[in-house]
Amino acid sequence: MRADSPPAIATWFLDHLCAERDEALAGDLVEEYFDGRSAGWYWRQVMAAIAIGGAQRVRACWPAVMFAALWTVLSPGLRYVQIRLLDDDAAAMQRIWRLDGPWSTRFDTSLDILAFLSVIWLGVAVYVALDSCVNGRFSGSRFVSQLVSRLVRALMLVLPTLAAIGLIAALVSAAIPENALAVDWGSAVSIPLSLKLAHGPYSMVFFATAIPLIFTTVRRGRRGNMAIHG
Amino acid sequence: MTERGYLGEFELMILLVLIALGEDAYGVSIARELERHRGREVALGSVYASLERLEGKGLVSSRIGEPIAERGGKARRYFQITREGLRQANETRQVLTRMWRGLPKVEGENA
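In the order they appear, the protein sequences are chains A and B.
Take any residue in the first sequence, note its place counting from 1, add 668, and you have its number in this note's numbering.
Take any residue in the second sequence, note its place counting from 1, add 246, and you have its number in this note's numbering.
Chain B with its partners taken away, still in its complex shape (with noise of 0.2 Å):
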């Protein structure tokens, strides 16, 4: 059974890197494109640990490429959202959503 909780900030910001990039998506590519969200260099370590932290969860699925001799031989290991991860990606988003709508305007926001 998939343990239900939260999802953290950083998890979220995860899993939507992983619909954008689709099936393409391992370390390099999720970092890289976290930090142009970001604006800041973000550790490939901290990637990797909630990566697996969601794959434990089973929000994400993970499967090794081939070796690659400018890696230094080691192979890619590729991520993929899950359906659940949709799920629960899709969900936190409503909830975030309606959260946003029911708080007043703050001074100086646009939107």
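Only chain A is shown next, with the shape it has when bound in the complex (with noise of 0.2 Å):
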């Protein structure tokens, strides 16, 4: 039987997710709900506008993501001198590449946390810094606002990313035999393994991070201009 109202759940997303569009889309979509369609119609609609807004953001915010990747690629080498610093080269080396079991997400220390939350930080203020600059309107205490709103972001963003991509390796390496994680940490050729399925769940937690901070500090508007959200 047909409700009377549209998915809820699909309306969530459509205002969570899609957030740059206006309200006309939303009220088309319920629009056309109310007369007739079905409700598998206005998932469909919600999850093409969903991924076309995000398509949409990656084109026009394309040095963002560039950089968000980049930030990627070197943040196990800026987390492995942070905790270099902390502890001795292999203990670091195992701290950086563990596999601890199924249900390890590699960050079971709020040691672990701090420093992934730090490098992130990092990522962002280079970001805002150097986009400031580059578009001529740095300030110093408007960066310094930037950055403190970015920090509790990524608090509030990092643990549930975590949790979820944390569950999503779990799966994988249930599905995994066990001999196939056992790491040999004194043999170089066991590195590329380890970092095939140790650094996949971390990179993605950190991308998926990145770039939402990214993203939000600056945000193409609907007409064009350049705001600042946040």
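If you're looking for bench data, these hints aren't it; they were derived computationally from the structure.
Only a predicted model underlies this, so the values are computations on that prediction, with no experimental measurement involved.
Just so you know, even glycine gets a beta-carbon here, dropped at the ideal spot from N, CA and C.
Each hint should be verified, as a subset may be incorrect.
To be verified - Here are the computed distance ranges between Cβ atoms for each label pair:
{"id": "1", "chain 1": "B", "residue 1": "Phe-256", "chain 2": "A", "residue 2": "Asp-703", "range": "16 to 26 Å"}
{"id": "2", "chain 1": "A", "residue 1": "Val-726", "chain 2": "B", "residue 2": "Glu-312", "range": "29 to 39 Å"}
{"id": "3", "chain 1": "B", "residue 1": "Lys-351", "chain 2": "A", "residue 2": "Pro-675", "range": "28 to 38 Å"}
{"id": "4", "chain 1": "A", "residue 1": "Val-749", "chain 2": "B", "residue 2": "Glu-330", "range": "48 to 58 Å"}
{"id": "5", "chain 1": "A", "residue 1": "Ala-707", "chain 2": "B", "residue 2": "Arg-286", "range": "18 to 28 Å"}
{"id": "6", "chain 1": "B", "residue 1": "Gly-285", "chain 2": "A", "residue 2": "Ala-676", "range": "24 to 34 Å"}
{"id": "7", "chain 1": "A", "residue 1": "Leu-827", "chain 2": "B", "residue 2": "Arg-282", "range": "43 to 53 Å"}
{"id": "8", "chain 1": "B", "residue 1": "Phe-256", "chain 2": "A", "residue 2": "Phe-681", "range": "22 to 32 Å"}
{"id": "9", "chain 1": "B", "residue 1": "Ala-266", "chain 2": "A", "residue 2": "Asp-672", "range": "32 to 42 Å"}
Claimed, not checked - Counterexamples of contact, computed for chain B against chain A with all Cβ distances above 12 Å:
{"id": "10", "residue": "Leu-253"}
{"id": "11", "residue": "Leu-267"}
{"id": "12", "residue": "Lys-320"}
{"id": "13", "residue": "Phe-325"}
{"id": "14", "residue": "Gln-326"}
Each chain sits in its own coordinate frame; assemble them with the hints.
The following block contains the structure:
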């Protein structure tokens, strides 16, 4: 039986994942739904709108995406330097590339999470500074407020993203035989395997967190004007 | 200054629909008209994305209507083709017509 109102979860997705759209699209979907379209049609339209909106943002903000990708590539090195300051070389390597078991997210200490946050925050700081300088609108007080706002956002984004991607990583690693996950740290040959298995989830978490943080720094307005959000 | 560039297939279709619908063109009516001609479902998100691109090029203008209770209190956004949009649609038609005329007749084709 058809519900009296459009699917609430789909509407929530539309409102929160396609925020740059004005309300005309949401109103059109509601109008069509009440005119006899199915819930399946509504879901398809919402998913398409989110995908198209995402593609538009990537196209409009490609420097931010490139920067997030570059920072993701650099992040293990930065993380290694951080941990190396606190630990010896072998322990730092183990901490970076460790795979403890199927349910390990590799972020089992608050120190790991703080290290992760500080690397991502540093990336956002560099991007905000570069963007401000390139666009000739650098202001010390605004720079500080942007950084503080992004640090808070990173705190809010990192834990749910870690939980979601940690779960996916756990499911993937549970499907792999246990001996395939055993990493011999003394052998240089074993590193590519650990890179493939352990750095995958880490990179996904990092990139998934970096992208929205950088996107919210500078977003192109609907009518082509640059706008600062946050 | 208006950005000069070729119109995409979907953009041209939207401009033609805007000409056909006149002042009452909004998301739903544009999508329905496109579906009627193309014979397949159209994503409203892609219609809006194209309309926004066309608006950015100065080929389309828009205005927000009054909030409507049947739409959950949300207003319609009406779109209209601009003079420049009309000129570019015409120019594209002329180019396409010339190109079609220049083609040899394909087997099984009537016109």
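Hints, verified against the model:
1. B:Phe-256 <-> A:Asp-703: 16 to 26 Å: Holds, at about 24 Å.
2. A:Val-726 <-> B:Glu-312: 29 to 39 Å: Since A:Val-726 and B:Glu-312 have Cβ atoms about 34 Å apart, the given range 29 to 39 Å holds.
3. B:Lys-351 <-> A:Pro-675: 28 to 38 Å: Roughly 51 Å apart at Cβ, these two residues miss the hinted range, so it is violated.
4. A:Val-749 <-> B:Glu-330: 48 to 58 Å: About 55 Å separates the Cβ atoms of A:Val-749 and B:Glu-330, which means 48 to 58 Å holds.
5. A:Ala-707 <-> B:Arg-286: 18 to 28 Å: At 20 Å between Cβs, range holds.
6. B:Gly-285 <-> A:Ala-676: 24 to 34 Å: Given a distance of about 32 Å, which is inside 24 to 34 Å, the answer is holds.
7. A:Leu-827 <-> B:Arg-282: 43 to 53 Å: 49 Å, holds
8. B:Phe-256 <-> A:Phe-681: 22 to 32 Å: 24 Å, holds
9. B:Ala-266 <-> A:Asp-672: 32 to 42 Å: Given range 32 to 42 Å: holds, Cβ gap about 34 Å.
10. Leu-253: Non-interface label on B:Leu-253 holds, nearest chain A Cβ at 18 Å vs cutoff 12 Å.
11. Leu-267: B:Leu-267 clear of chain A: closest Cβ-Cβ about 14 Å, beyond 12 Å.
12. Lys-320: The claim breaks: B:Lys-320 does not keep its Cβ more than 12 Å from every Cβ of chain A (closest is about 3 Å).
13. Phe-325: Violated, since 10 Å does not exceed 12 Å.
14. Gln-326: 14 Å, holds
Checked against the numbered hints given earlier, this structure breaks hints 3, 12, 13; the rest are met.
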